[in-house]
Amino acid sequence: MNAVFYLSSFVAVLSTLMVITRMNVVHALLYLIVSLLAVALIFFSLGAPFVAALEVIIYAGAIMVLFVFVIMMLNLGPQAARHERQWLSPGIWKGPAVLSMILMAEFLFIMTKGYHVGSVLTVEPKHVGIALFGSYLLGVELASMLLLAGIVGAYYLGRRDDDGRAQRSRRLK
Amino acid sequence: MLELLSLIPMLPFAGFLVLILIGSRISRTAVAVIGTGAVGLAAAVAIAAAIGFIASPPSGYAYAQTLWTWIEVGGFGARAAFYLDALSLVMVLVITVVGFLIHLYSAEFMATEEGYGRFFAYMNLFVGSMLILVLADNLLFLYLGWEGVGLCSYLLIGFWYRDPANGYAARKAFIVTRIGDAAMAVGLFVLYRNLGTLQIQELLRRASENWPVGSGIAVAAAALILAGALGKSAQLPLQTWLPDAMAGPTPVSALIHAATMVTAGVYLIARTNLLFALAPAVQSAVAAIGALTLLLAGCSALAQHDIKRVLAYSTISQIGYMFLALGVGAWSAAIFHFMTHAFFKALLFLCAGVVINALGHEHNMFRMGGLRRDLPLTFWTFLIGSASLSALPLIDAGFYSKDLILWQAWSSEKGGPWLWAAGLAGALLTSLYTFRMVFITFFGDKKTAIAVRPGTLMTIPLVILAFFSVAGGFVELPETFLDFHLLSDFLKTALPATPVGSGPVHGELLFQVIASAVSLAGLFAAYLFFLRRPGPVEVLAEKRLGERLRRFWLSGWGFDELYDALFVRPFLWVARISKGDLFDLIYDGVAWFSALLHKTLSLTQTGKVRWYAMSILIGAIIALGVTVFL
Amino acid sequence: MTSVPMEHGLVLAGLLFVLGLAGVLMRRNIVFILMSIEIMLNAAGIAFVIAGARWGQPDGQIMFIFILTMAAAEVSVGLALLLQFYHKFKTLDADAARTMRG
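Chains as they are written, first to last, in the numbering used here: chain Y, 978 to 1150; chain S, 1102 to 1731; chain X, 293 to 394.
Derived by calculation from the structure, the hints in this document are not laboratory data.
Be aware that a few hints might be false.
In silico negatives: residues of chain Y with every beta carbon more than 10 Å from chain S [claimed, not checked]: (1) 979; (2) 1038; (3) 1055; (4) 1077; (5) 1104; (6) 1121.
Selected chain Y positions facing chain X (Cβ under 8 Å, derived; list incomplete) [stated by the list, open to error]: (7) 1016; (8) 1085; (9) 1089; (10) 1114; (11) 1116; (12) 1135.
Ideal placement from N, C-alpha and C gives every residue a C-beta, glycine not left out.
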């Protein structure tokens, strides 16, 4: 199982790196899906099968698919890739890279303080369910309200005016 | 009756409060009733108090009434207390009665002006402050009234505030009198420091006990008090503000700058007479200043065109007479002249107001003329006032008071021939410029047509004041006539008698004849030169020397230009060069720095999302670093 | 099961987070920015799960479920906003929206 962990973490990091460096949006999305799947495997190897499944179903399966749908809907032409090449000019990534590395160094410093762990226990979905609808019931309710707000917000923000609908269909051709 | 004393100043103050709060919202009639009524009621109470005082005089001929303790700190205490004796009673009666008549007049005169309520409020405040001044028991309370009348003078001179020239005139009046007020404040400090009290009677008693005659401290205190009186009474060298104060409405000029406020200096010196007796040098200075001022102002009045400025210089001159009287120790003569002057000067100003109003705000005498037929009542009352001012013999009040002063100037211990001669020359000048004014305004050809005639409220005060201008003199008849000393007998209880000199004293009758002759000569000269044959005077005024003399006198002997060069210009220069000094740099620096900060920090607001994300990241790094490594 | 040291998991989470952060800062296309945000959220979730696995309690997984929920809501609203953005600016350049500059 250790090998699974290290292998899938390597895949995750690599595909994440590919996500942020692609010119084509759809390519990046696909790499992201791969990364998420790798992370699901990591979860499984850590004894958290429930969230592994959730990761695949919801994150990779719903959220990323939503992304893909919207990108398709935008109907970007070949000039999009050209724009991307322009925008990601060499000088751009130096600053963020440096800052990110500094942050990573800080993280490393904090995290490698020496908490050695024994064996990792599997946490059954049953326990998760009991805790979720037991002590964290309020959180569940709040999360549902959040989702409701998200639905309403997404509906309203995605709405167009009546003439806009006609315009949109014309423009995006 | 005497317990109502505190009502006398409080009634006008109450009128002021009511009018300042609701004066703009009630009708003009109500404003006039409240304003005039407050002063009228105060006059009635004053008359009642006078009757009570005379019928059954209190012990020591003085009545004191304390209202409350104003200040009590350390060893220093001052009370809000009133002191009524013969001197303050005379002052109170004149102030309230003349004030009432002028308020009545202004009810009609100011009827078409905006700010009617404000006018009456300020006038009431003035009357209240003036009454506090004359009734005050201690010098601090007197100073309160002193400042109050100064404030009201400023407010009322600049009443028509929309014209900036009026504001400048008001400011000039305030600043010049301020110089005197500052000196007086220092005098109060000196007095308190050395005598330990400011309560007037106690102070004078201690001063006469502890200070030898002619000592430096007495001279200093008296000189400082004199400086305050000079400012308020517009005497040399602080006389420049009064002619410009004519920018205010005519009732204001009548009440404040003729009858009452400008005589506050006279009252102050009369009140603290023992102090001046302890400093004979200062008292002589008072007489000298009075004599010089009356000549200077008399000459200036001769060259003016504006009818109100003639009267202003005339006021300065007549107060010079009062100072002359005070300086030679003729205390009751000065108060007598104050009383008659209040009557006839107020009358003259009110008549001038009628004329100015009738001709549509025309002030220039040379554009008036021939008004004798169109405004008969005004003409006759003006003539009576002018006669009183010129001290024409026997028939008017001014004669008796001015004559008494001239006689005392000659015969008193401190007097002498020079002072008498100055007074006599002044009488000639007075007669000359007064009748010049009468002849040019009321005789001759009409140059401007009448627009408005005065109504009842304006003519009644004229008649009453004309009556007083004639009859007011009969309270003090000299020994050569009936020897009727009603006023000086009354005032003897409050003021010391005039010390009579030991030199040759010929006879009062001779001096009276000389004085009468002089004033009649002035009248005749005015008739000759300004009515019959104005030719020679005009030719003289055209010549180079005559022209320069005329302009010199017109400007009041050049004092304005002198003060401008001596004080105003250096002050403005200093203000200009200290505009960019260190403290300004500090404040400008603060402003500059915050502008710089603004420019720099606004560069961080680019509007780009990624930029903001980067700044969040940097902040997070720093915060983590601080937490982890420190 | 496994005996992976916790630091390694946390280092992985940190690495993924930093990569996502770099993506947010580097890319100008809004879609990429949103994707990078998702990466960051996911990384945070990994950290939670690892912590929960260390103690053997379900709390970590529950926290991850909440994060997931929030990410779903955020993505839907964000993509709707993206559509509006594209409709208004006719481009997906994030720097196009900078009228609120100081």
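Right, here's what the structure says about each hint:
1. The claim that residue 979(Y) is not at the interface with chain S holds, since no C-beta of that chain comes within 10 Å of its own (minimum 29 Å).
2. With a closest Cβ-Cβ approach of about 28 Å to chain S, residue 1038(Y) is found to remain outside the 10 Å limit, as its non-interface label requires.
3. Distance check on residue 1055(Y): its Cβ is at least 25 Å (rounded) from any Cβ of chain S, clearing the 10 Å threshold; non-interface status holds.
4. The non-interface label for residue 1077(Y) is inconsistent with chain S: the shortest C-beta to C-beta separation is roughly 8 Å, within 10 Å.
5. The beta carbon of residue 1104(Y) sits about 33 Å from the closest Cβ of chain S, which is more than 10 Å, so the claim that it is off the interface holds.
6. A cut-off of 10 Å between C-beta atoms confirms that residue 1121(Y) is not in contact with chain S; the least separation is 30 Å.
7. Satisfaction of the interface hint for residue 1016(Y) is found here, the shortest Cβ-Cβ separation to chain X being roughly 6 Å, below the 8 Å cut-off.
8. A cut of 8 Å between beta carbons decides the hint on residue 1085(Y): the least distance to chain X is about 7 Å, and the hint holds.
9. Checking residue 1089(Y) against chain X: minimum C-beta separation of about 5 Å stays under 8 Å; hint holds.
10. The restraint placing residue 1114(Y) at the interface with chain X is violated, with a minimum CB-CB distance near 11 Å, outside the 8 Å limit.
11. Taking 8 Å as the C-beta cut-off, the interface hint given for residue 1116(Y) holds, the closest approach to chain X being about 6 Å.
12. At a threshold of 8 Å, the smallest CB-CB gap from residue 1135(Y) to chain X is about 4 Å, leaving the interface hint in force.
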